[in-house]
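Asker: Chains as they are written, first to last, in the working numbering: chain W, 1 to 304; chain F, 1 to 209; chain B, 1 to 661.
Hints listed in this document are in silico derivations from the structure and should not be mistaken for laboratory results.
Note that this is a predicted model, so its numbers are computed, not measured.
Each hint should be verified, as a subset may be incorrect.
[To be verified] As a list, the in silico DSS-like pairs of lysine-lysine whose alpha-carbon atoms are at most 30 Å apart: (1) F:K24 <-> W:K275; (2) W:K46 <-> B:K541; (3) F:K73 <-> W:K275; (4) B:K156 <-> B:K541; (5) F:K76 <-> W:K275; (6) W:K193 <-> F:K139; (7) B:K458 <-> B:K378; (8) B:K359 <-> B:K97; (9) F:K73 <-> W:K193; (10) B:K93 <-> B:K105; (11) W:K193 <-> W:K275; (12) W:K272 <-> B:K593; (13) W:K22 <-> F:K24; (14) W:K22 <-> W:K275; (15) B:K579 <-> F:K81; (16) F:K73 <-> W:K24; (17) B:K546 <-> W:K45; (18) F:K139 <-> B:K579; (19) B:K618 <-> B:K589; (20) B:K97 <-> B:K546.
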Amino acid sequence: MLSIIFIIISAIFIPGVIAKIKSKIGGRRMPSVFQPLFDIIRLFKKGAIYSPTTSIIFKIAPIIYFSSVLMAAFFVPMAGQQGLLSFDVDFVFFAYLLALGKFMMIISAMDTGSGFEGMGANREALYSMLVEPAFFVLVGTLALFTQNSSFQDLYVNLHTSTQLSIIIGIAALYVITYISMVENSRMPIDDPKTHLELTMVHEVMILDNSGFDLAIIHIASWLKFAIYGTIISNFVVQSSWPIYIQIVSYLLIQMGYASTIGILESFSARNKMGKNPQWIIMLSAIAVVTFLTTLIITQKIILN
Amino acid sequence: MTYLFIILYAITLVYFALSERVKKFIWLLAIQGIILFGIVFYSLNEIEIFDFIFILLETIIVKSLLIPSFLNKVRKHNQLKREDEPSIPVFYSIIVVVISILISFLLSNYLNDIHLHTQYFTISFASVIFGIYFIIIHKNIYSHLVGYLIIENGIFLLSLAVGNVMPLMVNLAVLLDVFMGVLVLGIFINRIGDTFNSVKLDQISKLKD
Amino acid sequence: MEIIIFKLAIILSILIFLISRLYQIYWVYLVQIIIIAVSSLWAIQCLFISDSSFEIPLMTFMGSPLLIVIDKLSAFFILVINFTMMTGSIYAKGYLKPYLENKSKLEMAFHLFNLLWLHISMLFVVMFRDALSFLIIWEIMSLSSFFLVIFENDKKETIKIGIKYLIQMHIGVVFILLAFIIAAVQSGSEFSFDGLSVYFASHNPFFIFLLFFMGFGIKAGFIPLHSWLPHAHPAAPSHVSGIMSGVMIKLGIYGILRVLTYIHHDLFYIGLFILVISLISGLIGVSMAIVQHDVKKLLAYHSIENIGIIGIGIGLGVIGIAVKIPILAVLGFAGGILHILNHSLFKSLLFFTAGSVYKQTHTRNIEDLGGLIKKMPKTAIFFLLGALAISGLPPFNGFISEFLIYSGMFKSLQVGDLFTDIVLLFSFTGLAIIGGLAVFCFTKVFSIIFLGNPRTEKVEHATEISSSMFIPYYMIGFMIIAIGLAPVIFIQPIGAIVNIFVGNTSAIEQVIPTLNNISISSAIFIVMIGILFFLRALQQKNQTIKQQATWGCAYKGANAGLHQYTATSYADNFGQLAKQLVNVKKDFKEFGKEEIFPEKREFETHSSDIFENNLITKPSDFVIKWFEKLAVFQTGKIQHYLLYSLVFLIVVFLLTFLNWI
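Looking at chain W on its own, in the form it has when it is part of the complex:
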């Protein structure tokens, strides 16, 4: 129960922190941390415009997307407390729920009959396909330590040895940070600030959504940030610490995660569009290398 509350709390703050860091580095005046929240409330007060080319798919897709992300958030544990729902091998359900959300967003983008949205939908489909193996191999690395494979059990068993968790944690941290950048369509895959359609992936898919739909799409992307931040923090926060230290360190890590994203976004340029697939497959390659090294650690590869 605790984890979903904190995920929602961090989801509210993370986009504000990212915007603040980016504007500070860019030498601009910082917006308030609550500015994204005000934007959402403004959207909730507006009506909607639908295009006559679209069909019922366009109306139901944002709702299914938001539900899938919220549902996926229910599974994520926080530092030893299990998520709201938890069962064996639930991370597969988690990953495929997110894939369901992406499927619906892709077809809703194609529904508008616009060439721009088609471009974005196409790239989104390819990149999310390429980043799937990275997530599964990383979780496979964690599953090498235990037979009970629910999300929470994987982390609990990782923390049984500190040396282990540092080694795997560092490599996994790196990969998961970049996976979250790919999933949320941030640099260096996609630039959320440019509104040139030839260079966008995610922002262009939601060009024609408005009002309530746009608001829940934004909230869903914040939730995704919070979910990945929680996954990252679980590598560091141990379940053996007292509960208030866990909460404090969790919030600190979320702030750190948001700041890192802000810094990475300010200082890196977006990849050339054609180089994106190979960049994403590099993440899977690093995940596989981590898996192989974990085989050494668990002494399946016998070295002396």
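Given the coordinates of chain W, work out where chains F and B should sit on it, guided by the hints.
Answerer: Just chains F and B, lined up with the frame of chain W:
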């Protein structure tokens, strides 16, 4: 703790397969030097002060500072293009690098000799294989030099694998190899660059006469 | 008693030739209902009620009695076959209506007769154990499906494709026959499936298994034995494609499973072999599916991919038995067998909806379609259901079978040894990539056919199909949602089947709480969607909802259909990555440097199947070229032929004279 450095070294190999910019190659070589220092530091049982200074010299100073700055000078002097595109798409190179790391790990599993420290054998073999592959796919002499240096890093690790105490002779020999290679090729590239205005391999092979 | 009813139904099927065209389909329904009722009764009795297999004598065939043997594996297949054939023939009634005017009574009767006999022969394939009768009924199955495929024989291509299909099926039969003969001769046992157990007990099973795999694999469609699939399925009418893709290719899997029930040792390399071929089939199948324009060819390549997923499950199950990890064995087999049922459901649904689209628009090329959801909304929703299910997305049935396979893999990572772990690494990476590519492919197909603006005028006249064709949609859709939301009901009989291979049913009990949790989570998910709909309706009650055209960057010049993404451009992204594999060739003329006002240009892309090119087309072209040289001897003049016989006589005489023969 050595395992952390093994992962980091393998990650630099993956980045070598991924990147196309020449500056990035130099940067990655420097990082590899630092990682090698970390591996050596954590694995030597007893360290004589002289050996320790020698290794420090070799890894950090030579591999991470001297050679990269020399390469940088050569790059600027010849005004090399920023990017060097390989002849096999990068996508497949990354798959090749992962498979070579996998094979090298499996190989070191099956070599269970009491005289070998197979811990270091894992990535040294992968490094050698990848260095050779790197030379095969790039067409620029400069990149060949970089590939040669990757192979030398792999051999350095191999020398760790076969000995407990770092034998001075092996290290001197490796150092000499590196010096000669870098110096000769560097001067070579400078001279060719001056006379010829290009260091592309296909144009140099026309020099066959 | 029931066997007499069964035999009666078979004899009744011949009488279809006497009935007029309009009522033939009802006669088919009559015969089918009898056959389905009797066989399902046997199947349910075996699977749910009693605990063992039973035998029924059918007739006396060449001196010895011919037995029908039904065990749990056969019972499962009987139920799968019956369900898909039932939906197929209900769909066929509406689909065949436009053909009633053009075809003669004999042609229609023959087509429906073959439909019935396909059903009967498929049922007998899973019920016979004696090798000779098995092969004969397998042959009847291939023949009847051949006649069904060449239904539209006014197109010359169709007949060529049908003959290619028949030849490949016969090659498969040769392999199976060879395997049976070698096994029977080398072990001195009887010429049947049961005789195999004697052979496998004393010899290394790999070689004979390989022969069986080649034979059954041609039917199933594993790469590289798959070349008939992408041609036969588009050429056949849609109800036949749905049935063939839904159940007929699964009979290849049945054959492999049946052979596996007799092998109890030396299983590791067999399992590894199945796993590797299935991973390759899955990845290559879906990659080739992405670049197709013909919707039925695309679906045919997807069948290859799903056969790959079934094979991954079975391969992992066999490996689990070999390395003694029970959880891997049980969950691998369970996932693979459940996927057999799931695939027959959603693939037949997809073929039926694609067939309806073809019926209304008369084109299979997806580049000509678009915006069909406004004209055929119900068909679109069912196609979307099939697409979501085949991509393995929750809360539908495809997810459940893939989940079972993933569970098996992740839970055995810790206990496996090094080689097993590396194999598992490749397997779950492969399965994840296959899932991602399936999402890529089906977003493309669904969006290009149904969403956006119409691309050509072929869409203008499409209307929704007749109501009788909806009945199979509802039936299959109900099953898809039922298996997705309540998988626990279906897992018990599957656990009984897995027991045949593994011998320890308790492991399947472990996964029941997880499946219950999945059902609860799916239910919560659906409730959440409902709540959000309600909230949105609440918010939008007081707001203005306007309609305005899609934002086109203020460009008003283009035709609405042309301004959107095409299927080729969608797939091009991926085609660049897998260039060597999918072999997409682009034909166009470049603009010249002096061409200031360019003329009209055409752009075509073709993709070809590299396996078919290298394994079949090139060797057969080579052989034909050499045979054409030999054709010089065939002059057509009788004097030359008499000369040949004279020369032959002289040569024989000479050789006898010299004592050489």
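Asker: Is the straight-line distance between the alpha-carbon of K193 of chain W and that of K275 of chain W 30 Å or less?
Answerer: 20 Å, holds
Asker: Is the straight-line distance between the alpha-carbon of K579 of chain B and that of K81 of chain F 30 Å or less?
Answerer: 28 Å, holds
Asker: Are the Cα atoms of K73 of chain F and K24 of chain W separated by 30 Å or less?
Answerer: 36 Å, violated
Asker: Straight-line Cα separation of K139 of chain F and K579 of chain B no greater than 30 Å?
Answerer: OK: K139 of chain F and K579 of chain B at ~22 Å, within 30 Å.
Asker: Verify the proposed pairing of K22 of chain W with K24 of chain F, using a straight-line Cα cut of 30 Å.
Answerer: Judged against 30 Å, a Cα distance of about 26 Å means the pair holds.
Asker: Would you mind confirming whether the straight-line C-alpha gap from K24 of chain F to K275 of chain W stays at or under 30 Å?
Answerer: 16 Å, holds
Asker: Has the given pair, K272 of chain W with K593 of chain B, been kept, meaning a C-alpha gap of at most 30 Å?
Answerer: 28 Å, holds
Asker: When you check the alpha-carbon spacing of K193 of chain W and K139 of chain F, does it fall within 30 Å?
Answerer: Measuring from Cα to Cα gives roughly 38 Å; hence the hint is violated.
Asker: For the pair supplied as a hint, K46 of chain W and K541 of chain B, confirm whether the alpha-carbon distance does not exceed 30 Å.
Answerer: 11 Å, holds
Asker: Against the 30 Å threshold, does the CA-CA distance of K93 of chain B and K105 of chain B hold or violate the hint?
Answerer: 15 Å, holds
Asker: Taking 30 Å as the top limit, are the C-alpha atoms of K73 of chain F and K193 of chain W close enough?
Answerer: 37 Å, violated
Asker: Taking only the CA atoms, is the gap from K618 of chain B to K589 of chain B under or equal to 30 Å?
Answerer: The hint holds at about 28 Å.
The structure shown violates the earlier hints numbered 4, 6, 9, 16 and 20.
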